[in-house]
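Enquirer: One letter stands for each residue in the lines below.
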Amino acid sequence: MPYQTEFLLRVYRTMKTIRVFEERCIKEFEGGNIPGFVHASNGQEAVAVAACIDLTDRDIIGSTHRGHGHCIAKGCDVIGMMKEIMGKATGLCKGKGGSMHIADFDKGMIGANAIVGGGPPLCNGAALGAKTRGTRDIALSFSGDGSANQGTVLEALNFAVVLKLPHVFMFENNGYGEGTGADYALGCSSLAERNGAFGMPSEYVDGLDFFATYEACQRAIERARNGEGPSAIEAETVRFDGHFIGDPQLYRGENEIQNAKDTRDCIKIFRERVTGESWLKDEEMDRIDAEVSDLIDTAVEEGLAAPNPDPATDLMADVYCSY
Amino acid sequence: MPYQTEFLLRVYRTMKTIRVFEERCIKEFEGGNIPGFVHASNGQEAVAVAACIDLTDRDIIGSTHRGHGHCIAKGCDVIGMMKEIMGKATGLCKGKGGSMHIADFDKGMIGANAIVGGGPPLCNGAALGAKTRGTRDIALSFSGDGSANQGTVLEALNFAVVLKLPHVFMFENNGYGEGTGADYALGCSSLAERNGAFGMPSEYVDGLDFFATYEACQRAIERARNGEGPSAIEAETVRFDGHFIGDPQLYRGENEIQNAKDTRDCIKIFRERVTGESWLKDEEMDRIDAEVSDLIDTAVEEGLAAPNPDPATDLMADVYCSY
Amino acid sequence: MTNNTSSGSSSIKTYREAINEALRQEMRRDPTVIVMGEEVSGGAGCAGQDDAYGGVFGVTKGLMPEFGRERVIDTPISESAIIGAASGAANNGLRPVAELMFFDFIGVCFDQIFNQAAKFRYMFGGKARTPMVIRGTVGAGWRAGAQHSSMLHPVVTHTPGLKVVMPSNAYDAKGLMIQAIRDDDPVLFLEHKIMYDLKCEVPDDPYTIPFGEAAFPRQGNDVTIVAMSNMVTRAIEAADLLAKEGIHCDVIDPRTVSPLDEESILESVEVTGRLVVVDEAHERCSLAADISSIVAEKAFSSLRAPIRKVTAPHAPVPFSPVLEDAYVPSVDRIVSAVRDVLGG
Amino acid sequence: MTNNTSSGSSSIKTYREAINEALRQEMRRDPTVIVMGEEVSGGAGCAGQDDAYGGVFGVTKGLMPEFGRERVIDTPISESAIIGAASGAANNGLRPVAELMFFDFIGVCFDQIFNQAAKFRYMFGGKARTPMVIRGTVGAGWRAGAQHSSMLHPVVTHTPGLKVVMPSNAYDAKGLMIQAIRDDDPVLFLEHKIMYDLKCEVPDDPYTIPFGEAAFPRQGNDVTIVAMSNMVTRAIEAADLLAKEGIHCDVIDPRTVSPLDEESILESVEVTGRLVVVDEAHERCSLAADISSIVAEKAFSSLRAPIRKVTAPHAPVPFSPVLEDAYVPSVDRIVSAVRDVLGG
Ligand SMILES: Cc1ncc(C[n+]2csc(CCOP(=O)(O)OP(=O)(O)O)c2C)c(N)n1
Ligand SMILES: Cc1ncc(C[n+]2csc(CCOP(=O)(O)OP(=O)(O)O)c2C)c(N)n1
Ligand SMILES: [Mg+2]
Ligand SMILES: [Mg+2]
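From first to last, the protein sequence lines stand for chains P, H, R and G. Read left to right, the first sequence gives residues 1 to 323 (the working numbering). Read left to right, the second sequence gives residues 1 to 323 (the working numbering). Read left to right, the third sequence gives residues 1 to 344 (the working numbering). Read left to right, the fourth sequence gives residues 1 to 344 (the working numbering).
Calculated from the structure, these hints are not laboratory results. Don't take every hint at face value.
[Claimed, not checked] Quick list of the computed label-pair ranges, beta carbon to beta carbon:
id, chain 1, residue 1, chain 2, residue 2, range
1, P, L304, R, R129, 14 to 24 Å
2, P, E215, G, G68, 33 to 43 Å
3, G, R129, P, D294, 31 to 41 Å
4, H, K261, R, G68, 46 to 56 Å
Think of the CB as a built atom: it goes at the ideal place given N, C-alpha and C, for glycine as much as any other residue.
Using the sequences plus the hints, can you model the full thing?
Expert: Right, dumping it as structure tokens:
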């Protein structure tokens, strides 16, 4: 068997945690317990986990507005996350960031980003830091099919090549930027090819196939660690929920989402593969399902019970290190 | 003979006008008659003329900080240009723009641009205007090898493809962005290829060969006029002077400039071709040389004699159409 | 206040509907008016419905079905390209209305606004005309956090060549939008996202409201309150509370902050001798500071008390609802500023 | 003014040399300090000399030969990538000093400054540290026209999370640069391009000047003049002219405008009762307006005359030398503003 059981269980647990976390966010948002704009990543779990599962806390990821999955995959505490998304004082960012600006520097997660295309330039910097200090640490940025068209992302690709930065550019192509089709907004015939034209190894993978995505990430991460510079990956995936929670999704085709849930569910595909290959047993995964469900229940309970920030002390705190 | 004599004479006259204009700018700058930052385009004449010679006044060009050649090729009055570059009230922009912000809307020249990468997004707009109004007019933007790495230029490429805009992206690759080599700053192996990866026809031409460049431009312009969308051209060329006038150019190789002037002079190459093919006679071109020289003398004389703007009336004029 | 209102019918409309109507009526009147931005229609290249959003706040809903994708243009997520395309098109025969879904996105296209469109006319010696409108949503209150809740009007007000419009109600929004579209300069039209559902009586026919003319939602001789956008509602609420105590405030809504109706503000302060400026932007180099400084220079001798600014603090907008509510200038803070300047 | 100056030798240095020395000394002291930007060395990928420019104004000259291309990094023309790389690196163990050749280029990277670096610490609940310096050249006087001559300090001063430094002489430039590099917040270090050749006595050893502490180049009890950057020179000149007539001005140079030494300004106005603020930025929402409004709020009772702002007009910077000279606030204008507030 090409993978350790422990590894596969960890992958499964992480993907499942993301799935249940997101589904619960949708429920809590609808119930009025989560304020603001929230972008759920259910459906895209395989990419987040494939990209992050082997990274250390000193490797840096830069995320997007759709960042919960990346956080969880990078090892952020889901209870702290839920508290943050609920705006509570004990959340990962003391309630000041919320879903769109969640971060955990201790885990090498330097931020969701509510500005499309904000992250890749920053990950160039994280990579530059790692490189200049002579480490083998790397940076990995997430972008979408939509954000691929933002100038900041495009120039970041060239910049990474020129400075030979240890940076893996992961593009999650879920077919949509809000309610605009990727086929419309990307003028090129292949995003992977366009990325490659900047002068870095670039590949396309089926982002619903955890194993294919994981292997592409391993190649890119390895190159980065070895000082061979940046790489890009386009992973095709699917967004199960709306652009934001509450999106009526009028732009989606009839039955498109149900079909996707039936036939393009990366977690189902993973389970079929690992049971088909007899790498894992259903019971093992069912046990994880139960544990994950408990964990998310706890996260929500603790989130709801957690205290709000106190304007008197917190509103003006942490604008600067010193002022 | 594949070209009309009149056309060839016009091409020669225009290239020569640019050459002498730039050489004279260098002299007048050094003599203290031209203030500010001035970027001369001598050496790059063939590209400017090839790109603009067949455009009408209703076709729009967007230029760069190195815009004198583009202006002249687009038909701007050289006397008005010289006055502008000298900061005089009767200059093309009443002395408010100068070399880096010269424009002539009547000639479809919507501006030099002192911001690297500022022009291509604007030319998308000019192209959109032409298209939406149902004309066959087009827009053509100039960029350099350096500005090709600016995010605004990169996203403009994609944008033009998506909206199928009649926009020709002309990249003048003169090997340098200030004192940085294009080979260093462009991470890709081929700029033409990178542009093409955005999903538009893209070609590389020898920008010292007027005819090759002209034909590439004709193809691209024709496509644009026919509603077939944008194209990109990378034209390799050579910058005879410094990045700005007064640049000590320490970064250039020994004899590099002299060698270029000897062997890579697009005007010499043009003359050799047209005399070699017996399309034009040396005497015809010598006569033009004399006329051009007179014209530029007049431009300088009139420029020096022209009045300065009057702060009392001009400083606050034209900030708004109305306020 | 010389509003060029029509004499026809009117009805109750939301701020959103008023802007939508202004856009629709101008697009009908003038074929060179186009609308462009991300999701202004929505559904481009998708299997489902077209006009799926009509703008994420629904402001441009219905325009695409009526005017087609040629004039209601969904774009890639490329704000520099959007603004550049709008101004280039404005220089070539169109009157584009470009949308920045959130005005915070100005960060990725600021050059095209402040260095390009704003400067063309001046740099090019008066030959350029750039009749474009940039619509953007501003302000806190949506629990959208630091990167989607900024005001940023001080930044564009600072910039010569731009006009800046901040309507505080549906009536003004319609008249100012029509004016903005017909204006020949680049206009930033800042819509406070908390106001989209606010309603008032709005004429059905097109009408314009000239730039640089304030509105006077409350009149009084005791204290001048200048407020704009969402803060007008709060200023009015404060004034109404204080009126019950016999304190009568002159509430001035400049409606456009560039140009600014200085004269009305100065005239009011000459009467009241007291000024409170309310601004949802951060305090440093804000519009509150700007107006305060104009009065401290030009109506100094009328001033009988220190000028008070009521602004957001020098901090990003926090996500947590309790913090965000404390962040935005409140009716309470306006009331106590008024008491302060009255020496209370 | 508590300058942490060394007691060693000193020499006459230009503003340019002072900044260069600060960078060099900090790079020697701390291996995590790097310098990056366009042409900070120059000659990358060229056949000729390395360090061909050392910055287009020569400020970083000699750093690359000493510290190598790993720490003095020439970049492509991609300002968002430059600023993003600097802040990402600051979040990952370095103390980058990034250069915007002209601060006007902020337009293409404003998001990375105001929405990213500035907000990290707050948005992320105090966990981020972003110790970076962004150097940029500001100001008119080079006949560089509208897109290369802006000040723009009001825009960044408005933004919470940023610190803004505007040294007016070589001595301050060195001490403030060393402070900026050691500071843990994002610092904008604005160098007025007209001052690079100005000289004064500057200690050879490293020293720091704390942020938020003004300097007092001239003292007097008649009128307070606040000026920053290049305008300090002109304010001093005006003060010296007026002193000959027996008018004694208190010239205050805040040195950093965020944080701002409000206290020193207020204390001075309490004595003089009269304030002139000189600012090369456009007048609307400017720092002049900001300081004026602070005084109108907090030292109102001391004021004996209207506050006068002397600023650039609400117009882009013109190219033509005669216009540019009329555009920049002049010594004459400062002198007459002082006379004005004295009721002359
Ligand atoms: C600069 C900027 N422009 C626009 C937006 C609004 N916006 C947020 S997410 C999004 C779509 C992003 O699409 P994609 O990159 O494919 O990511 P996905 O939502 O599919 O995960 C848009 C337009 C933004 N937040 N920032
Ligand atoms: C946004 C921006 N960044 C940097 C500069 C400074 N600058 C002016 S021209 C130039 C080099 C441009 O190189 P290229 O595009 O190759 O044009 P060339 O000078 O070779 O004609 C640079 C860096 C600028 N004007 N604008
Ligand atoms: Mg997507
Ligand atoms: Mg070049």
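Enquirer: Which of the listed hints are not met by the structure?
Expert: The structure breaks only hint 1.
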